[in-house]
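S.K.: Now for the letters of each chain:
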Amino acid sequence: MTTKTETASDCKIVTFTLGKQTFGIDMGALIEIREWDEPTPLPNVPTFIKGVSNLRGNVIPVVGLAERLGWEPSVLHARSCILVVSISGKQAGFLVDEVNDIVGITRGEIQPAPEVETIESSVIDGLVRISTRAKDGTRDENGTMVLLLDLEALSLTKHLDMAA
Amino acid sequence: MSDELDEIQAIFFEECTEGLTTAEQGLSAMQAGDVSAETIAGVFRAVHSIKGGAGAFGHADLTAFAHKFENVLDEVRAGKIAPTPGVVKVMLSSFDVLSDHVETAKGLAPRPNDAAALAALEKVLADKGADDGAAVPAAPAPAPAPAPVAAAPAAPAEDEFGFTPVAFSLDDFDTPAAPAASTASWTIRFKPSRAALANAGEPLLIIRELETLGATIEAVDVSDVPGLRDLDPEDAYFTWTLSMPGDVPQSDINDCFDFVAPDSLIEVTRNEVEAPAPAFIPVPVIEVTPAPEAAAAPEIDLIPFVPVTATIEDLTAQVQQVVADLAAAPMTPTPAPAPTETAAPKPASEASQTIRVDLSKLDLLLNLVGELVIRNSILADRLSPADRQRVELPELARLTRQIQDNVMSLRAQPIKQAFSRVPRMLRDLSVETGKTIELETVGETTEVDKGVIEKIGDPLTHMIRNAADHGLESTEERIAAGKSPAGTIKLSAEQKGARIFVRVQDNGRGINRERVKAKAIEKGIISADAVLSNEEIDQLICAPGFSTAETISNISGRGVGMDVVRSNVEALGGRVEIHSVPGEGTTFTMILPLTLAILDGMIVRLANQRFVLPLAHVLETVQPEAGQVKRTSPDSEVIDMRGEYVPVKRATEIFGLNDDRKVEDSLVVIVESEHGKVGLVVDTIDDRREVVIKSLDQNLHPIRGLGGATILGDGSIALILDIEALVASTNRYTPKGLAA
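Quick note, the sequences are listed as chains A and B, same order.
When you read off a place in the first sequence, starting at 1, and then add 86, the result is the number in the numbering used here.
When you read off a place in the second sequence, starting at 1, and then add 114, the result is the number in the numbering used here.
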């Protein structure tokens with residue numbers, strides 16, 4: 087993964103947590119954030135596909151993102167929600183533990199993710215450090231590491247093509 | 115401004131399409147032997163309307179051609195030209211050229227070469243003239259139909275201007291008596307209806323149009339103008355008397371009155387100088403009164419202009435005929451053959467009126483209505499039981515359902531739309547190949563989503579061309595093979611579950627598998643030692659770059675045809691099947707999904723989850739008694755249906771759902787499939803309703819055993835079962851069976 091060092095082209099990311107990790111996706115891909123609503127289960131699909139849900143007349147798959155990324159499945163709680171995103175024209179909902187913030191970053195800040203010996207190292211597009219808001223409103227100067235997700239690599243069809 | 119014009123022009127083209135459809139139906143009926151006055155008049159009206167609109171939008175070529183076509187139709191309508199098969203054939207090919215002209219006017223095609231068609235039309239007209247010369251004098255040719263339309267404008271041989279010399283007659287009004295002019299002239303009396311202005315029938319425009327033809331105003335009768343106190347400035351009170359040079363064809367004068375308001379008074383009389391003084395023969399003055407059933411339509415009936423020909427007797431007889439028919443007209447139940455319509459462009463009532471709507475708007479509407487239904491039921495849930503009993507809520511629910519049903523039906527269109535261009539295409543192909551081809555269509559009313567209809571046009575064209583060019587033998591070959599000389603192409607459509615089957619079947623020579631295989635090896639598509647089944651060889655003709663045609667013909671043989679068919683159909687999520695029997699013919703079947711179709715479904719529960727079972731497959735439902743379902747192996751069961759053992763499948767097992775329900779507590783739905791009858795075990799049946807199929811692959815990928823999903827009234831999703839796939843799969847749940 088190479089880092090693009092374009093200068094000061096700001097982009098916004100939505101950050102959310104899965105377990106103890108903070109992730110980010112490009113804000114442009116986000117369609118909406120919904121409350122968790124039990125989707126209709128589908129037969130004969132990988133377990134990370136939780137089922138399908140009705141998004142204003144569209145049938146969209148709901149994906150357990152933690153499982154999809156190989157982490158422990160999310161445990162549902164009051165702040166669980168679904169990020170509805172558009173990936174190359176297809177819509178999907180990702181179950182996440184909590185949505186945190188919308189932050190502006192510059193491309194230059196993105197650092198490459200370490201090459202990992204997994205089947206799909208490309209899922210993480212890069213790493214970026216952001217300062218987070220502490221409870222008292224002040225900024226935590228140490229900041230948090232955000233794993234930027236490559237949505238294209240998460241495309242459900244693509245994954246299945248690979249599995250096949 | 116130009117946008118507005120474009121919009122109006124778009125409406126005109128839409129009307130052209132309707133008109134062409136009507137004309138084609140009429141001509142096909144004529145070809146089949148129906149030469150009733152009604153049919154002919156329908157075709158005439160359609161062509162006339164196209165001509166009128168084309169003129170208004172300045173499509174000169176289209177107007178000119180339509181005009182010539184119309185002339186022939188007019189003569190046929192008048193009984194001057196007998197609608198013999200030969201004449202009908204000329205008209206059919208003229209119709210094709212007319213369609214091309216419309217395409218040209220739309221800017222979609224280059225200007226067609228209409229010389230041949232024009233010549234053929236001219237010839238028909240000329241032949242008629244010759245016949246008349248023999249038959250003469252004057253009396254109208256025997257009409258093929260009793261309708262007086264046939265009797266009315268019966269003209270003897272035309273002069274170079276296309277008008278008919280007739281003995282002159284004057285009306286019995288206060289117009290100046292026949293002017294002592296040396297040439298013939300027309301006298302036109304025009305009194306617009308009182309409501310003319312309100313109906314956009316501005317008399318000035320009509321008078322100006324007449325003036326452009328050379329008319330001059332002789333007199334204006336203002337006697338009807340009331341006193342100032344009673345005068346309504348928006349009413350029309352004047353009566354004009356105009357004179358027109360005699361060399362103007364009567365049809366041109368008639369055309370000026372095409373768009374005149376109903377209840378107007380129009381008289382056109384011809385003053386012929388050298389006529390043997392029958393002088394003041396009263397020409398019937400007819401108030402144009404729309405027949406009651408036609409009153410709502412904004413169309414105009416014109417008076418048939420009675421040509422006075424040879425003798426007073428003839429004239430009187432005709433007048434009596436017309437008057438009698440006019441008197442009878444309002445009582446005639448059908449407005450179509452009403453004698454009052456001569457040149458009036460009447461919107462063909464049988465053709466469906468359409469409005470062009472952007473498809474995406476319909477999609478949006480459908481989604482919004484879905485939302486409305488969901489909100490509706492949420493509202494019902496939130497209300498107290500007492501409030502729920504009030505009449506308003508069920509009313510609202512009912513209305514919402516009706517809206518939903520209607521919106522759903524908007525997207526589904528009969529597949530006829532895709533089939534409609536085939537007859538025309540086959541006529542062309544018939545000419546190009548010299549083969550006689552008969553077309554049979556079945557299942558035109560099958561409703562398919564509009565999007566599918568639009569996309570199967572190209573594959574269908576290729577399949578038809580392929581069948582006509584490669585499938586069918588030449589007439590000589592057919593006779594040699596002991597077949598009927600005419601080849602048949604059968605086009606059919608049917609819905610089976612969540613799929614549409616469109617078949618193109620020819621009774622030709624079938625696929626020559628030896629040659630196909632040899633060609634495929636030659637083209638390097640398969641290796642020389644490949645061992646292929648018959649079906650695999652048949653499939654080769656869909657391979658890219660494959661063509662067995664010896665020479666590249668204009669029709670097919672560029673080696674792209676069937677390849678295009680396959681890729682187009684696969685892009686739609688469908689597949690192409692080929693079935694061929696040597697010497698008997700080939701059947702191409704496009705199996706298409708209903709990406710967004712309406713499905714009549716049964717809502718069933720499996721392991722308490724709701725599923726939709728397509729009703730088309732359901733034969734019957736039974737509640738099995740103890741022992742009625744018997745196990746034949748650890749993995750298979752049968753149900754005893756009145757002595758017939760029907761295999762039983764458990765969808766819950768196929769889907770890997772947990773279900774410990776005993777079969778006696780369940781229901782067995784007997785379904786019909788390609789693999790015969792099968793019993794499906796379900797928990798219960800909830801409901802029966804029409805559902806919109808939403809494809810899963812829009813956002814995910816197809817899942818084996820599921821034909822899609824639908825959104826139920828409460829907003830939840832129910833999955834639609836694909837019976838064929840379920841039945842074909844084994845009873846045992848295979849986790850790897852996914853995404854196949």
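Since the hints were made in silico from the structure, they are not lab data.
Just so you know, even glycine gets a beta-carbon here, dropped at the ideal spot from N, CA and C.
Hints may contain errors.
Example chain B residues on the side facing chain A (calculated, C-beta under 10 angstroms, incomplete) [to be verified]: (1) Asn520; (2) Ser523; (3) Leu524; (4) Gln812; (5) Gly819; (6) Ile825.
S.K.: Indicate, hint by hint, whether the structure satisfies it.
M.R.: To see whether the hints hold, each was checked on the structure:
1. At a threshold of 10 angstroms, the smallest CB-CB gap from B/Asn520 to chain A is about 16 angstroms, leaving the interface hint violated.
2. Given hint, B/Ser523 at the interface with chain A, is violated; its Cβ is 17 angstroms from that chain's nearest Cβ, farther than 10 angstroms.
3. For B/Leu524, the suggested interface contact is broken, since its CB lies about 15 angstroms from the closest CB of chain A, more than 10 angstroms.
4. The beta carbon of B/Gln812 is positioned within 10 angstroms of a beta carbon in chain A (closest approach about 7 angstroms), and the interface hint is therefore held.
5. Among the interface hints, the one on B/Gly819 holds; its C-beta lies about 6 angstroms from the nearest C-beta in chain A, closer than the 10 angstroms criterion.
6. Given hint, B/Ile825 at the interface with chain A, holds; its Cβ is 5 angstroms from that chain's nearest Cβ, closer than 10 angstroms.
Going down the numbered hints, you'll see the structure goes against 1, 2 and 3, while the others check out.
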